[in-house]
Structure formats: structure tokens, C-alpha cells
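Same order as they appear, the protein sequences are chains A and B. Everything in the first sequence is counted per this note's numbering, starting at 1 for the first residue and increasing by one. Everything in the second sequence is counted per this note's numbering, starting at 112 for the first residue and increasing by one.
Each hint should be verified, as a subset may be incorrect.
[Said to hold, decoys possible] Under the rule of at most 35 Å between Cα atoms (straight-line distance), these lysine-lysine pairs were calculated in the DSBU-like manner:
| # | chain 1 | residue 1 | chain 2 | residue 2 |
| --- | --- | --- | --- | --- |
| 1 | A | 60 | A | 110 |
| 2 | A | 60 | A | 77 |
| 3 | A | 110 | A | 68 |
| 4 | A | 77 | A | 98 |
| 5 | A | 68 | A | 98 |
| 6 | B | 125 | A | 98 |
| 7 | B | 120 | A | 60 |
| 8 | A | 56 | A | 110 |
| 9 | B | 120 | A | 110 |
| 10 | A | 77 | A | 52 |
| 11 | A | 68 | A | 56 |
| 12 | A | 56 | A | 98 |
| 13 | A | 77 | B | 120 |
| 14 | B | 120 | A | 68 |
| 15 | A | 77 | A | 56 |
[As the list claims (entries may be wrong)] Per the computed footprint, the stretches of chain B lying under chain A, defined by three or more beta-carbons under 8 Å from a beta-carbon of chain A, are:
| # | segment |
| --- | --- |
| 16 | 136-142 |
| 17 | 192-201 |
What the hints contain is simulated information worked out from the structure, not anything from laboratory work. All C-beta atoms, glycine included, are put in the ideal place defined by N, C-alpha and C.
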Amino acid sequence: GNSVTQMEGPVTLSEEAFLTINCTYTATGYPSLFWYVQYPGEGLQLLLKATKADDKGSNKGFEATYRKETTSFHLEKGSVQVSDSAVYFCALSVYGNKLVFGAGTILRVKS
Amino acid sequence: NAGVTQTPKFQVLKTGQSMTLQCAQDMNHEYMSWYRQDPGMGLRLIHYSVGAGITDQGEVPNGYNVSRSTTEDFPLRLLSAAPSQTSVYFCASSSGFGWGTSNTEAFFGQGTRLTVV
């Protein structure tokens with residue numbers, strides 16, 4: 001079956017620190033990969049995505065590269081801000097319309 | 112531009128009560144879905160619809176019913192609430208199949224926090 005595994009949180013960083021949130025996946029077929037972000041009290045928003053191997057998705061200073069050989073899609077940001085505090089979800093879809101989510105990783109950034 | 116609107120935002124039910132969670136989107140999206148979010152488990156698909164009049168089960172459909180009489184609305188019904196249905200519920204919509212394609216994105220509502228006592 002299809003599944004996504006994310007590193008457990010919460011992750012607590014100081015402002016301007018480097019962020020990595022690990023994500024690995026198992027999929028039958030060729031998935032597309034996503035990172036969604038959920039700010040406090042809100043729904044999920046698409047942060048970035050990649051649809052084929054070696055693609056790099058990027059948005060708001062965040063990046064993730066689709067690594068087929070390691071079945072990974074790790075999220076990185078060079079310098080986090082307090083406003084980045086949120087829950088981050090890695091997700092995949094295979095052949096279209098259903099998203100499979102990881103458990104989510106809470107990020108807390110301290111000033 | 113409202114996007115996806117869910118009501119209510121909060122609800123407390125007694126075991127055995129029934130209720131309907133409302134979801135409406137104004138983007139003319141064909142594809143709509145309901146997820147529940149539980150701590151440590153991410154989001155799990157309950158039911159989805161690929162267009163008016165067409166619905167199907169997701170990963171955790173038991174205890175829930177849906178219907179899709181219009182493109183805009185996709186209500187979720189709890190027939191007889193149980194404490195195990197305490198969760199945060201999210202409705203999402205998309206312009207169609209192919210969430211892996213470059214021009215397709217899922218839009219989520221703000222969620223309904225349901226407590227069953």
C-alpha cells in the first residue's frame with residue numbers, strides 16, 4: 001500500500017536556524033509528493049510539490065527534492081522565522097485524486 | 112473569495128446524537144473530500160466525490176454518510192455519534208483528478224472540531 005513516514009516532533013528551533021524535516025514514502029506506482037502546512041487554527045495549505053524524480057519544489061524559502069532512489073522528500077529551510085511555526089505534513093498521491101498524509105511534524109520557532 | 116467554507120467550527124455532541132457537518136466551495140471544483148485529523152495519525156480520508164451524484168468511500172468511512180446533490184456542497188453526516196468520532200474534520204476540494212499534475216491543488220476548509228461525550 002501507500003504510506004508516508006515523517007520524523008516525529010515537536011521540532012523546536014531558534015530563529016534563523018536551519019530546518020530539516022524528514023519524509024520517506026512507500027508507494028505502488030509513481031507518486032507525486034507534497035508538503036502541506038497548517039498554521040494554528042487554520043486548514044491545510046499547499047506549501048510545495050514535486051511530480052517527478054529529481055524535481056525540486058520550492059516556496060517561501062522552503063525546498064524539497066524528490067529522491068526516487070531513497071524514496072524521500074525532505075523539507076528544508078535555511079533560516080526559519082517565528083512565523084514558520086506550524087504543523088507540516090508530507091503527502092503523496094498516486095494516479096490522481098487521493099492524498100495520503102504523514103502524521104505531521106510540529107515546528108516551534110523561538111525568538 | 113470564500114474558497115472552502117465549513118460549518119460549524121466547533122460542536123459538542125452526546126453519544127448517539129446525529130448531526131451534519133456542512134462544506135461548500137465556490138470554485139466550481141469537481142472533486143471534494145472529507146478527512147479526519149487525529150493526533151499522531153495525520154489526515155485520513157473518510158469519503159470523497161468526483162462530481163455531483165457520485166460518492167465513494169475512503170479509508171475510514173464507517174459511521175459516516177455523504178451525498179453530493181450539487182457541485183458546491185458536500186455535507187458529512189454522523190448517523191449516531193460515538194466518542195471515537197471525536198476529531199477535527201476537514202473538507203477539501205480540487206479541480207479534478209490528477210492531484211499529481213502541475214495545475215491541480217487541494218484547497219482545505221478551516222476545519223470543524225467535534226467532541227462526542
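Hints, verified against the model:
no., hint, in the structure
1, A:60 x A:110, "holds, 19 Å"
2, A:60 x A:77, "holds, 9 Å"
3, A:110 x A:68, "holds, 34 Å"
4, A:77 x A:98, "holds, 27 Å"
5, A:68 x A:98, "holds, 20 Å"
6, B:125 x A:98, "holds, 32 Å"
7, B:120 x A:60, "holds, 28 Å"
8, A:56 x A:110, "holds, 28 Å"
9, B:120 x A:110, "holds, 29 Å"
10, A:77 x A:52, "holds, 21 Å"
11, A:68 x A:56, "holds, 12 Å"
12, A:56 x A:98, "holds, 22 Å"
13, A:77 x B:120, "holds, 32 Å"
14, B:120 x A:68, "violated, 39 Å"
15, A:77 x A:56, "holds, 13 Å"
16, 136-142, "violated (count 1)"
17, 192-201, "violated (count 1)"
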